[in-house]
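S.K.: Spelled out from the first residue to the last, the chains are:
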Amino acid sequence: MVAPGEVAPSGAGALPSDEHQAFRLMRFQLRDYLRSRRFLLMTALTLAIGVILTVVVAHYRGGLVSSPAAFYGSFWGGGVVVLIVFAGIIYGGDAIAGEFQHKTGYFLMGLPLKRGTIYQGKLLAAYLASVTAVVLYLAILLLNGIYYFGMNAFPWQLGASLLLALVYLAALLGTTFLFSSLFKTSAYAILVVAVLFLFGFGIAQDLVESLVKIEPWFLLSYASPVIGNIFANPYPTTSTSFGVTNYVASVPEAVLIMVIYFVVTTVVGYLLFSREQFT
Amino acid sequence: MSGPSLATSGLGKNFGAFVAVQGLDLKIEGAKCVGFLGPNGAGKTTTLKMLTDMIFPSRGEAFINGLSVRQDRKRALSHAGVLIESPEIYPSLSPTEALEMVAELRGVPRGEQPRRIRTALEEVKMSEWAHQKVGRFSKGMKQRIQIASTLVHDPEVLILDEPSTGLDPRGMAEVRAIVREQRKHGRLIFMSSHILSEVTEVCDEVALIDRGKLLFYDTLTNVTARFNGGNAQVDAVFARPLDPSVVNQAIPHLPGVKAVELLDPKRVRLAVPPGPEDQAQILEGLVALKLGLVSFKESAGALEDVYMQQISRGD
Ligand SMILES: Nc1ncnc2c1ncn2[C@@H]1O[C@H](COP(=O)(O)OP(=O)(O)OP(=O)(O)O)[C@@H](O)[C@H]1O
Ligand SMILES: [Mg+2]
Numbered sequence: 001m002v003a004p005g006e007v008a009p010s011g012a013g014a015l016p017s018d019e020h021q022a023f024r025l026m027r028f029q030l031r032d033y034l035r036s037r038r039f040l041l042m043t044a045l046t047l048a049i050g051v052i053l054t055v056v057v058a059h060y061r062g063g064l065v066s067s068p069a070a071f072y073g074s075f076w077g078g079g080v081v082v083l084i085v086f087a088g089i090i091y092g093g094d095a096i097a098g099e100f101q102h103k104t105g106y107f108l109m110g111l112p113l114k115r116g117t118i119y120q121g122k123l124l125a126a127y128l129a130s131v132t133a134v135v136l137y138l139a140i141l142l143l144n145g146i147y148y149f150g151m152n153a154f155p156w157q158l159g160a161s162l163l164l165a166l167v168y169l170a171a172l173l174g175t176t177f178l179f180s181s182l183f184k185t186s187a188y189a190i191l192v193v194a195v196l197f198l199f200g201f202g203i204a205q206d207l208v209e210s211l212v213k214i215e216p217w218f219l220l221s222y223a224s225p226v227i228g229n230i231f232a233n234p235y236p237t238t239s240t241s242f243g244v245t246n247y248v249a250s251v252p253e254a255v256l257i258m259v260i261y262f263v264v265t266t267v268v269g270y271l272l273f274s275r276e277q278f279t
Numbered sequence: 001m002s003g004p005s006l007a008t009s010g011l012g013k014n015f016g017a018f019v020a021v022q023g024l025d026l027k028i029e030g031a032k033c034v035g036f037l038g039p040n041g042a043g044k045t046t047t048l049k050m051l052t053d054m055i056f057p058s059r060g061e062a063f064i065n066g067l068s069v070r071q072d073r074k075r076a077l078s079h080a081g082v083l084i085e086s087p088e089i090y091p092s093l094s095p096t097e098a099l100e101m102v103a104e105l106r107g108v109p110r111g112e113q114p115r116r117i118r119t120a121l122e123e124v125k126m127s128e129w130a131h132q133k134v135g136r137f138s139k140g141m142k143q144r145i146q147i148a149s150t151l152v153h154d155p156e157v158l159i160l161d162e163p164s165t166g167l168d169p170r171g172m173a174e175v176r177a178i179v180r181e182q183r184k185h186g187r188l189i190f191m192s193s194h195i196l197s198e199v200t201e202v203c204d205e206v207a208l209i210d211r212g213k214l215l216f217y218d219t220l221t222n223v224t225a226r227f228n229g230g231n232a233q234v235d236a237v238f239a240r241p242l243d244p245s246v247v248n249q250a251i252p253h254l255p256g257v258k259a260v261e262l263l264d265p266k267r268v269r270l271a272v273p274p275g276p277e278d279q280a281q282i283l284e285g286l287v288a289l290k291l292g293l294v295s296f297k298e299s300a301g302a303l304e305d306v307y308m309q310q311i312s313r314g315d
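Chains as they are written, first to last, in the working numbering: chain A, 1 to 279; chain B, 1 to 315.
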């Protein structure tokens, strides 16, 4: 018992579990994200992509609005993949590196947290912050969809594609976090992640497909088109025309690639961060 | 549990080929304040970072309350309040939110949080800023919030790296008051500092480190006595300038006084036995001389003398 006015000593028993700590850390981190300039930037980007596609669709119509599946496939499939890449760069790029550069990690490291808990909490927060952008984009999409097709014309692929997008987001952020934990300077981390996702994967995929001529199953960018492809009927398959093979990942393949990316990068990043010293 | 403790055994750290800390064996127990001294680059911050698992030792181990910080960082640090290397708080949070985060992560019961947070902010005189964004605070204001964050869960052990850097004179005085208060409540404070007067005022013991090696760890009284021929040093201040005859005759002849040094016309430094009984007797003797004695206290300069002596010896 503790006398009034006194406080109980910080007993080990009162310590929250690792999971609770990760969740609580996520809440405060998310709060910081949502108040930061990067949230404004991400929201602006989302609106920009949404508005551009709205205008393009409104202007050209034609095939773009020939059917709900065609509309949702191009509007959603085309936009959300780009959006997720930006979210990864903006919320994940310096998530770990920034803890060193901005010295906020030194504050967290004084607390009774496992290093892994910090990693988890931040990854969760970056995920949820990114989801806000996806949700905003979804809202713009639905408003357009309802305008063209009414309330009863949502193709079943839309739900599946949303799930795929959420899995892709996890894979992308896992990879971003891994790269972020390789650096202790925010700018480097963001630069490397941006170059990697905006050009690196694409160039690697072109090279592999055209020169080595094998299925680029080891590239995350090979999996992401599934988000748009799923709207196509029939689902596109790998085809060769004029000697050039156009590789397409099937839905199970794409999901597997994304899940493996998430698991491997998260485990490696987590292990790297667990060995990181705050010198 | 038997009260707060900090320990290191054979603790050492290399940065590449450079040996920053070596063979550090410390065992600190009980409610007290220990000043951790040493010149720039001596290895103080490195030691404190190993004590809190921010960096990993190259050799040896560190313990908080008997728990290995490397093997069980979570439980070990649950007993400690830590402030090392002017960290930053997420800039968009307010002090109240930042302390809420600390309280949540440390498992302070929800019902107690508001009161504890309010008290901690009052202690560092930041209540007025409780809801502003930390990102816009000055260096000293941030440091105050950092200090508050070490107090929220009422830790048994406080590990502080130069807690008064960046603070204004009043802030420094407040830090001293906080440390004294914490010690009174049975807390163990291990604090690096370059401000010897601060250490003399609030610490019971000092550890001196130079070039990664511990030179000594002992009580303040023993340290000053050991390096002053077994005597403690006391400064006596008087209301009126002293007569040379008083300095040369009357004071030296008081029983117990080993040496007298005139610091300025109204101030003398006495070498006296370290025991409180002897010092009480000398104080009474000085009063009886009716010289207008206004203060009689352990000399802050004594620690500085020891420090200079010990550090220059290494050159
Ligand atoms: N990350 C690092 N890489 C290389 N050397 C380091 C690193 N961190 C500290 N050192 C070296 O270790 C030594 C001890 O540094 P430390 O920061 O512990 O000193 P200190 O006693 O805290 O000094 P100060 O009083 O200036 O704060 C210094 O020589 C420093 O250059
Ligand atoms: Mg230092």
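Incorrect hints may appear among the rest.
Claimed, not checked - Computed cross-link-like contacts, DSS-like style, restricted to lysine-lysine with a CA-CA straight-line distance of at most 25 Å:
(1) B/Lys290 x A/Lys184
(2) B/Lys32 x B/Lys290
(3) B/Lys184 x B/Lys32
(4) B/Lys27 x B/Lys213
(5) A/Lys114 x A/Lys184
(6) B/Lys184 x B/Lys125
(7) B/Lys125 x B/Lys139
(8) B/Lys297 x A/Lys103
(9) B/Lys184 x B/Lys213
(10) A/Lys103 x B/Lys74
(11) B/Lys184 x A/Lys114
(12) B/Lys74 x B/Lys32
(13) A/Lys184 x A/Lys103
(14) B/Lys258 x B/Lys297
(15) A/Lys184 x B/Lys27
(16) B/Lys184 x B/Lys27
(17) B/Lys32 x A/Lys103
(18) A/Lys103 x B/Lys184
(19) B/Lys133 x B/Lys74
(20) B/Lys297 x B/Lys32
(21) B/Lys290 x B/Lys258
To be verified - Sample of chain A residues facing chain B (criterion: CB under 10 Å; computed from the structure):
(22) Gln21
(23) Arg61
(24) Thr104
(25) Leu108
(26) Tyr247
Simulated from the structure, these hints should not be mistaken for laboratory data.
No residue lacks a Cβ here, since even glycine has one placed at the ideal position from N, Cα and C.
S.K.: Give a verdict on every hint.
M.R.: A quick look at each hint next to the structure:
Taking the CA atoms of B/Lys290 and A/Lys184, the gap is near 66 Å; set against the 25 Å cutoff, the hint is violated. A distance of roughly 36 Å separates the Cα atoms of B/Lys32 and B/Lys290; the hinted pair therefore is violated under the 25 Å criterion. Proposed proximity of B/Lys184 and B/Lys32 is supported: the alpha carbons are some 8 Å apart, at most 25 Å. At roughly 15 Å between alpha-carbon atoms, B/Lys27 and B/Lys213 fall within 25 Å of each other, so this suggested pair holds.
Pair hint A/Lys114 plus A/Lys184 holds up; C-alpha atoms about 19 Å apart against a cutoff of 25 Å. Straight-line distance between C-alpha atoms of B/Lys184 and B/Lys125 comes to about 20 Å, which keeps the hinted pair within the 25 Å bound. Only pairs whose Cα atoms come within 25 Å are accepted, and B/Lys125 paired with B/Lys139 is accepted, the gap being roughly 15 Å. With a C-alpha separation of about 41 Å, the suggested pairing of B/Lys297 with A/Lys103 is violated against the 25 Å cut-off.
In summary, the hint linking B/Lys184 to B/Lys213 is not supported, as the alpha carbons are separated by about 30 Å, beyond the 25 Å threshold. At roughly 20 Å between alpha-carbon atoms, A/Lys103 and B/Lys74 fall within 25 Å of each other, so this suggested pair holds. Distance restraint check for B/Lys184 and A/Lys114: the Cα-Cα separation of roughly 31 Å exceeds the 25 Å cut-off, and the hinted pair is therefore not satisfied. As the CA atoms of B/Lys74 and B/Lys32 are separated by approximately 24 Å, the hinted pair is consistent with the 25 Å bound.
Taking the CA atoms of A/Lys184 and A/Lys103, the gap is near 10 Å; set against the 25 Å cutoff, the hint holds. Among the hinted pairs, B/Lys258 with B/Lys297 is consistent with the structure: their alpha-carbon atoms are about 16 Å apart, no more than 25 Å. A C-alpha spacing of about 34 Å is found between A/Lys184 and B/Lys27, which places the hinted pair above 25 Å, so the restraint is violated. Between the alpha carbons of B/Lys184 and B/Lys27 the distance comes to roughly 20 Å, so the proposed pair stays at or under 25 Å and holds.
A distance of roughly 30 Å separates the Cα atoms of B/Lys32 and A/Lys103; the hinted pair therefore is violated under the 25 Å criterion. Proximity of A/Lys103 to B/Lys184 is assessed by CA-CA distance (about 32 Å); at most 25 Å being required, the pair is judged violated. A threshold of 25 Å between alpha carbons decides the hint, and for B/Lys133 with B/Lys74 the separation of about 29 Å lies outside it, so the pair is violated. Restraint check: the Cα-Cα separation between B/Lys297 and B/Lys32 comes to about 20 Å, which is no more than 25 Å; the hinted pair holds.
Using a Cα cut-off of 25 Å, the hinted pair B/Lys290 and B/Lys258 holds, with the two alpha carbons roughly 20 Å apart. A distance limit of 10 Å between C-beta atoms decides the matter here; for A/Gln21 the minimum to chain B is near 5 Å, and the interface restraint holds. Violation of the interface hint for A/Arg61 is found here, the shortest Cβ-Cβ separation to chain B being roughly 43 Å, above the 10 Å cut-off. Interface hint status for A/Thr104: upheld, as the beta-carbon distance to the closest one in chain B is roughly 5 Å, under 10 Å.
Hint status for A/Leu108 relative to chain B: holds, with the closest Cβ pair at about 8 Å, below 10 Å. The restraint placing A/Tyr247 at the interface with chain B is violated, with a minimum CB-CB distance near 43 Å, outside the 10 Å limit.
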